[in-house]
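Starting from the known structure of chain A, arrange chain B on it as the hints suggest.
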Amino acid sequence: MAAQEAKRTLTPEGFGKFLRWLSEDDELAVREYQMIRMKLVRFFIHKGCADPDELFDKTVDIVVGKIESCAECPRPLAYCYGVARNVWYQDVRERKSVTLDGDVVSPEYQDTNVQELKLQCLERCLGQLAPGDRDIVAKYHGGQGRDKIEIRRLLADGVGGGNALRIRMCRVRKELRMCVVECTKRSLN
Amino acid sequence: MKSNLPDRSLVRQYLLGRLDRNKELEDQLSNDILFNDELSEMVESIEDEIIDDCLDGTLDSADKDAVDGYFLRPPERKEKLRFARLLRHHFEKPHDLAEARLDAPLSNRTNVIQERIDYRSAVPWQSHFRPYGQIVALILLSVGSLIYIFSVRKNQARLESLLAREREHSASLVTDAQLLQSPILALTLVSDRSRGDGTQIPYVQIKPSTKRIMVDIVLQGPSLGAYDVHLETNAENGPIWSARLLPLISDSGDARLVFDLPIQRLKSDVNSFVVSSAVPGSGRPKHYDFRVKLTR
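First to last, the protein sequences are chains A and B.
Residue 13 in this note's numbering sits at position 16 of the first sequence, with consecutive numbering throughout.
Take any residue in the second sequence, note its place counting from 1, add 41, and you have its number in this note's numbering.
Hints were generated in silico from the structure; no laboratory data involved.
Keep in mind that a hint or two might mislead.
Stated by the list, open to error - SDA-like mimics (lysine to any residue), calculated; alpha carbons at most 25 Å apart, straight line:
| hint | chain 1 | residue 1 | chain 2 | residue 2 |
| --- | --- | --- | --- | --- |
| 1 | A | K182 | B | K64 |
| 2 | B | K119 | A | V111 |
| 3 | B | K119 | A | C176 |
| 4 | B | K64 | A | A47 |
| 5 | B | K119 | A | L151 |
| 6 | B | K64 | A | E51 |
| 7 | A | K182 | B | R123 |
| 8 | A | K136 | B | D93 |
Looking at chain A on its own, in the form it has when it is part of the complex (with noise of 0.2 Å):
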């Protein structure tokens, strides 16, 4: 509940007066917000945090407060990282009282039908995707044991190494995934 209470949210007079910091025009001010937010959220992922979109609204409530004194800051990712370390050494001090969750890993209880859905949805995204990264990701899942690692091994001989291959399935991963995202969500409304 403390956790709760102390959730901050971004107003939007905050937001406004951020996006004016970040560029005088709006388009641009947006855009260079996304990228921000895009790469603030990645890094609390990284670090391992359990809420990174509320800590980045703390990131520039933060920034929000302090903008009056870096108007002339001329990196506002560089700055807004900055901060981002320390909320995140913040949230660092406070997970420690926080209890972890149990197994993650094993297979959670989904509801039969939403499982199908998303199985449904994974093949209508799947039948969008290009037909070289269809197969790649296809072939990718496809085997067992030994015949796995020959077929991997193959096609990263044919993508140009393994790094390139885990590269490759990573954008592809990404892709579906928002797909199916989206699919779900437009099925569920």
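Quick look at chain B alone, frame taken from chain A:
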């Protein structure tokens, strides 16, 4: 050009929270990830790798603790894990979905969801039509191919039959043509005028290509040596061709005169070979008649 990216295992340690105690290194890496898009993408791929290891069950106990207590705390990573599991489920056990669907129509709730997919998604009919459409297209293609192959084979058989007939016909035409265009005609004369009925005498048609006639006269009675042969026509007095010939005698004693007759003086008319033994007093000469028709 080699990119200056950190080692993947170092990034992995970073993502498992093991660099948090090494403030300088952690800050440096966090900073690099923030400003280097290539490194940022690499970090994401290593996240996927950790999730895969997690689902494969290949993490050691220390890594598993780090994953449970640190790595999987953000909801986004939990969502990534769920998605990776979904992806595996789809590719490793595709039959599960099919089985689930067989059961699904019994459930009203599922039907509702199905309707939502059908009516609210951006391209529902395409995605549902596509697999069935492909199957139907495949079946149509197969049937079409069979019909085509069958018709091709049928046509081929018909054509082969026609070809055989044409070849046969062509061969006979060639034979006919050869016969028609042969420079040699055969004329066999068996009965002399005294034995024939006079109405059906042998007939030869001489074409422009004909150069000569090979005549075969079957002699009656025992051979008496050489024979004088004269060719006579109604139009001319006296023979138009003459020769003294020795007969060919078979083992059984049959004798025949075989010789070539030039056609230069032949005309369309009834002609007659007058055959007589060269031996004096051997009997009356015999007349072998034949009709000639010239087609110039």
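Verification of the hints:
Simply put, K182 of chain A and K64 of chain B have alpha-carbon atoms about 40 Å apart, too far for the 25 Å limit, and the pair is violated. Proximity of K119 of chain B to V111 of chain A is assessed by CA-CA distance (about 17 Å); at most 25 Å being required, the pair is judged to hold. Only pairs whose Cα atoms come within 25 Å are accepted, and K119 of chain B paired with C176 of chain A is accepted, the gap being roughly 17 Å. Proximity of K64 of chain B to A47 of chain A is assessed by CA-CA distance (about 21 Å); at most 25 Å being required, the pair is judged to hold.
Under the criterion of a C-alpha separation no larger than 25 Å, the hint pairing K119 of chain B with L151 of chain A is inconsistent with the structure, at around 30 Å. Using a Cα cut-off of 25 Å, the hinted pair K64 of chain B and E51 of chain A holds, with the two alpha carbons roughly 23 Å apart. Distance restraint check for K182 of chain A and R123 of chain B: the Cα-Cα separation of roughly 16 Å lies within the 25 Å cut-off, and the hinted pair is therefore satisfied. This hinted pair checks out: K136 of chain A and D93 of chain B have alpha carbons roughly 15 Å apart, not beyond 25 Å.
The structure shown violates the earlier hints numbered 1, 5.
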